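Participant: Here's the letter readout for the chains.
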Amino acid sequence: ELKVEQNPLFLSMQEGKNYTIYCNYSTTSDRLYWYRQDPGKSLESLFVLLSNGAVKQEGRLMASLDTKARLSTLHITAAVHDLSATYFCAVVVAGNQFYFGTGTSLTVIP
Amino acid sequence: DTAVSQTPKYLVTQMGNDKSIKCEQNLGHDTMYWYKQDSKKFLKIMFSYNNKELIINETVPNRFSPKSPDKAHLNLHINSLELGDSAVYFCASSHALVASGNNEQFFGPGTRLTVL
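Chains as they are written, first to last, in the numbering used here: chain E, 1 to 110; chain X, 111 to 226.
Keep in mind the hints are simulated off the structure, nothing from the lab. Model, not experiment: these values are computed from the prediction. Where a beta carbon is used, it is the ideal one built from N, C-alpha and C, also for glycine. It is possible that part of the hints are untrue.
[Claimed, not checked] Derived pair list, reagent style EDC-like, types lysine to aspartate or glutamate, alpha-carbon separation capped at 20 Å: (1) 41(E) to 214(X); (2) 41(E) to 134(X); (3) 154(X) to 15(E); (4) 181(X) to 192(X); (5) 129(X) to 148(X); (6) 154(X) to 58(E); (7) 146(X) to 1(E).
[Said to hold, decoys possible] Label-pair distances were calculated between CB atoms; the ranges are: (8) 189(X) to 81(E): 15 to 25 Å; (9) 44(E) to 117(X): 17 to 27 Å; (10) 180(X) to 56(E): 15 to 25 Å; (11) 17(E) to 177(X): 27 to 37 Å; (12) 73(E) to 149(X): 44 to 54 Å; (13) 183(X) to 75(E): 15 to 25 Å.
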């Protein structure tokens, strides 16, 4: 059974600090997505990683993909309160099946 | 302009009832999906449709039936609602079903279903 696990599940950090969220998956895939979900809202696409070694950056967030290790990371630099949300990774396998990770609930404390 | 829209946004109903949730996308996408998000925020794919054909059917109860009148619409019909069906249901869409390329998914606003 395909598993997509995120670590940590809950993260509380102070403004200005750095941290990394990890996404491990159990099957071969060369595509991985990161989404953000604000409380009571829908999912918003952040990054699309399409190949091994891919790195994407947007503002204080940077995502990377290592398909050999079946690992993606989402790095947060100098966190601000506006980044508080739940972050999901999603792995795509044959047939365009999306499997979402468990989610990481991030709270940035002023 | 709303890319992926769902109605209703909230749905409160009694056990045993039958209800439908509607979804429409104006992005010209070929594939549409239904997801269930439980109280722990875990997202699970339920169905996807490509050009009006069901192509993924996860192990969901057969009380749930997707209906697609055209490629811009994918409705979710639920029979004999149970307490465990309470969740947020998200519709999504993407470009054609291909094994490579950026077929990013766009999500609707969600429908919060509460079964009493």
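Participant: Taking the hints in turn, state whether each one holds.
Facilitator: Right, here's what the structure says about each hint:
| no. | hint | result |
| --- | --- | --- |
| 1 | 41(E) to 214(X) | 18 Å, holds |
| 2 | 41(E) to 134(X) | 18 Å, holds |
| 3 | 154(X) to 15(E) | 32 Å, violated |
| 4 | 181(X) to 192(X) | 29 Å, violated |
| 5 | 129(X) to 148(X) | 18 Å, holds |
| 6 | 154(X) to 58(E) | 27 Å, violated |
| 7 | 146(X) to 1(E) | 19 Å, holds |
| 8 | 189(X) to 81(E): 15 to 25 Å | 44 Å, violated |
| 9 | 44(E) to 117(X): 17 to 27 Å | 20 Å, holds |
| 10 | 180(X) to 56(E): 15 to 25 Å | 34 Å, violated |
| 11 | 17(E) to 177(X): 27 to 37 Å | 48 Å, violated |
| 12 | 73(E) to 149(X): 44 to 54 Å | 27 Å, violated |
| 13 | 183(X) to 75(E): 15 to 25 Å | 39 Å, violated |
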